[in-house]
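S.K.: Line by line, the protein sequences are chains E and S.
Positions 1 to 766 (this note's numbering) are the ones given, in order, by the first sequence.
Positions 767 to 1096 (this note's numbering) are the ones given, in order, by the second sequence.
Some hints could be false.
What the hints assert, rightly or not - Which bits of chain E does chain S cover? Going by a derived footprint, with three or more residues having C-beta under 8 Å, they are:
{"#": "1", "stretch": "415-426"}
{"#": "2", "stretch": "684-691"}
Unchecked claim - A few chain E residues that don't get close to chain S, going by computed Cβ distances all over 12 Å:
{"#": "3", "residue": "Gly-26"}
{"#": "4", "residue": "Gly-40"}
{"#": "5", "residue": "Val-625"}
{"#": "6", "residue": "Met-650"}
The hints are simulated quantities; they were obtained by calculation from the structure and are not laboratory data.
No experiment lies behind these values; they were computed from the predicted model shown.
Heads up, the beta-carbon is just placed ideally off N, CA and C, and yes, glycines get one too.
As a plain string of letters, each chain reads:
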Amino acid sequence: MTGAIGQAIPRVDGPAKVTGTARYSGEVPLPDLAYAEIVGAGIASGRVTAIGTAAAEQAAGVVAVLTRRSMPKVAAVPLLPSLLGGPAPGETFFPMQDDVVHYAGQPVAIVVADTLEQARHAATLVAVSYAEDPSVTTIGQGRPSAYEPGTLFGGLMPARTERGSAADGLAAADLQVAAGFRFAANHHNALEALTTIATWDGDQLTLHDSCQGIKAVQLTVAALLGLSPSKIRVLTEYVGGAFGSKAMVWPHVTLTALAAQHVRRPVKLALPRGQMFTSCGHREEQEQHIELGATRDGRLTAIRHHKISLTSPFDDWAEPAFGVASQLYGCPNFEGVHRLVRGNTMTPTFTRAPGEAAGVFSLECAMDELAGQLGIDPIELRRRNLTEVDPNTGYPWSSYGLPECLEAGAARIGWDRRDPRPRSERDGNWLIGTGMAAAAYPVAFFMHTQRARAHMYADGTAIVQTAAQEFGTGAPTVMTQVAADGLGIDPGNVRFEFGDTDLPTSGSPVGSNGAMMVSSAVHNAATALRDQLITLAVTDEQSPLHGAGPAQVMVAGGRMTVTGSGPAGRGPAGETYTDLMQRHFMNDAEATGSWDPPPPDTPHGLLTFGAQFARVAVDADLGLVRVRHLAGAFAPGRVLNPVTARSQLMGGMLWGMSQALLEGTRMDTRLGRWANASLGDYLVPVNADAPEVDVDLIEVEDTVTGPLGVKGVGEVGQVGVAAAIANAVHHATGFRPRELPISVEHLLAALPPEQATASAGAARAR
Amino acid sequence: MRPVSYARVSDIDTAIATAREDRDSAFLAGGTTEVDLIRQNVLRPRLLVDINDLPLNRVEETPGGGLRIGALARMSDVAQVPAVRQRFPVISEALLLGASAQLRNMASIGGNLCQRVRCSYFRDAASPCNKRDPGSGCAARQGVNRGHAILGTSDRCIATHPSDVAVALTALDAVVHTRGPAGERAIAIDAFFLLPGDTPEREHPLEHGELITAIEVPAAPVACQSAYLKVRDRESYEFALVSVAAAAQVRDGVIGAVRLALGGVGTKPWRARRAEARLAGQPATREVFAAAAADELAPARPQPLNAFKVELAQRAIVRALTTVTDGGSS
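Go ahead and model the full structure; you've got the sequences and the hints to work with.
M.R.: Given below as structure tokens:
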């Protein structure tokens, strides 16, 4: 049956977004709205000794200046990832409770004024005095005190992953590769700043919040304030990008609620761009060291993979680097160890393929090096080590597709025409190289019951509802498709409603699981309503379907039919929902549906697989790397909509290019704060950097990941891209990048000036 | 942002007089940098005098083959003038490699010369910065200084001059015409940009209320063979790590007239006079280019994070000279 699922349906909210009528959290008009501005700590470590508020309080339009003295105490809430569906503060520390400064930018005061401009100006008039202590803000400063935590992610993930014996495997190897890698800290830099509007009506709190999970916001604020969740409603339809920065619920959300309570007015807080670097986490600065052992015919005998990274003074947080890196290849011996350094930063958080983007970079760069040393084609080396089971558990993959992805990507990039020797191709001043990497991203089953509601009117139109908001992925479009197919009606007759905690609960679409978990609930609600109406029809003596088995009834275009049952020449017997409902004097019908994921220890390996290929041009004289072509192939289970899936994957691939070549937040260790906290100084790609991008979607059947067999397409798009680019740089130049972002100075240091290679006319830089 | 008053004027005398009424006034042209810095509390004018209505937006050819560019001509407009494209391609290229299309449509050429530095410590309105807050120190010297200058620095300031087109204009000996309370002046562009020395807060010799009216580019036949090379991390919308404005004439393999200026490396647009002196009359070969480049960078005072610019600038000079001399001779 051909339905709406899988069709390239344009975004249902596209017109609203491009005409500006889609409403984002900062755009909700409220009477008497006041504006808040946070004053962040100017030091990284020490104490606040005094806060002079008089000048700010006297400034025009100022309603209040809040400090720790006027801030109520909040409850302690443990740190757990938002994927679980419970309270999810971004860090266990909550500011403005005492005078201690743990990191630069930590809120120490809040100004509330009648206008945004007044609030911003008055914030500059707040005079904060400090007693400053020495700070630690880089791994280098804290390396002597590095430690191995017991667990990460609030106890959810082990800090150490082991199978077999890496030492034995390395000893048994014919050949070893060892390499160390450094990764700059990254910030998400979503276009829409984190924004909260808080309104109190008695003891009822309404929040409009730019977030990835409205339920997480509701439950976190409730836990911190000691309120019942029933007192808090969060309304968020559209979010302007997140990339992990809005997955956890950061302190400013609750601070805004407390400020609104204090001034007895609705209060809006929109973080200025600079504070986006100190308010919503980041991908931590990290170093990784990897050792591979292999036999001469290219079978891996051992992987030893260690990571050290910087975390906050109060939380053991590292993005877990050894998920995919331990699962991609059927290597009997694996050792992955996370070590942490405590420093004066906020707690790091999920950032674009957390853990995997960096862990797979190290692994896939080392695999490329191993292939070179063995004289085996890099794709062939991967093929020799592929595994049909999750090597950590021995369970079979819920669905696979990696071999097909390798094949499809290789065809797109023209791998068979590749001369494997470095520096084998040139275009004027540009050395050309091609590289590849395997990719995967976890399908995680941490979430709780997902719910949705389907409501049909007698005219055959439906409203389908679930809580989760849209943050740019295309959820309203694909959920409309899923609901339409579940009900057996046209997508044009479905209105999908979302973004309200009063609607049936669905969790935070994080970790690339939104399509899987929300579609499962929507599908189950829609089919529950369909089945309710079918049951009514087959038990109704007046229905042409009377007596049919419910399983034999099909619904399409709002018409229920039983194949082969009709009078000759008149098609199958059947009737429409409208016929049925009108005959029964029903104005509407409704059903809820829910979906519980399999338990986390379900006996399957759970990854979404892909393969990444990159063609780069390197101007070795000037140290420039420009990407000419990215080709990615992915096996995300069932594809709900190829347009939105491709769009997400392409975005992920461009972020991978960005991680490889541009992104890095630089710490000034003397001042203890980020030195490039602006979009002028923190580089992300512009359109001129975007190469030709091919995305191949390879559908694989998955009976484990929900009723529709959907996995996820978000973050796997980023995994492996940086490695493919680094490997392409090596192919172009013979130089192996060891640090991200790959920068001009790395290439200049490694590559001598080109001698008389530039030809006239081709000399000008692109 | 602080409360600010705003006045819009339509003639130059009124502009100057209005600005002189308040010590804390500033002219407002395209505003593409200035408004950002006001919002960020880096610049704190009490009065903005909007000069966009002044009749200063024409680009004229001067007798003899030069240009006179009105101070309010927009970057994108100047870049498209046929005389600029044909006779001074280095100016057009430098303009088009600067900023973004939207900013170029707003930004004026006079404002471009007056734009403030991109040093993040200057722009954060908090760190020690002698340019923003004289005497407070320079956070950049021991800070994150990858983008900072290696030439023309002082103990007080190492901020890089950010303009691209000013580098091209410096190579071409442009003249800045001004009008102020004391009348009209013509300032050679190399004298218009001041080294930081002990007074990094002073970036040019303009008096309060003195207005740039035009930039004159003298005729220069060598400019027909000119190019602007800009090296940066991303492909567009970024300031230069290193840039080179180069013009050269080669006859029978020998370099005749040559102009060379550098961006991204100096505290002001850097006229490479040492290199020019080494090049004139020499064979147009990569070896000669490289020797001249090494000579120019010999006085560089790099910091740990920007030491690569010493090498990068030399390679970029060789590349730019190779380009404008049609590959040089091997």
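S.K.: Now look at each hint and say whether the structure bears it out.
M.R.: Quick rundown of the hints versus the structure:
Coverage of the stretch 415-426 of chain E by chain S is violated in this model, with 0 residues showing a Cβ closer than 8 Å to a Cβ of that chain against a need of three. Note: the stretch 684-691 of chain E has 5 residues with beta-carbon separation from chain S under 8 Å; the three-residue rule is met and the coverage holds. Here Gly-26/E stays apart from chain S, with its beta-carbon at least about 17 Å from theirs, past the 12 Å limit. Gly-40/E, annotated as away from the interface, has a beta carbon of chain S within 12 Å; the closest lies near 10 Å.
Consistency note on Val-625/E: stated as away from chain S, yet its beta-carbon is not over 12 Å from all of that chain's, at 9 Å minimum. Taking the minimum C-beta to C-beta distance to chain S, about 18 Å, the non-interface status of Met-650/E holds against the 12 Å cut.
In the structure shown, a violation is registered for the earlier hints numbered 1, 4, 5, in ascending order.
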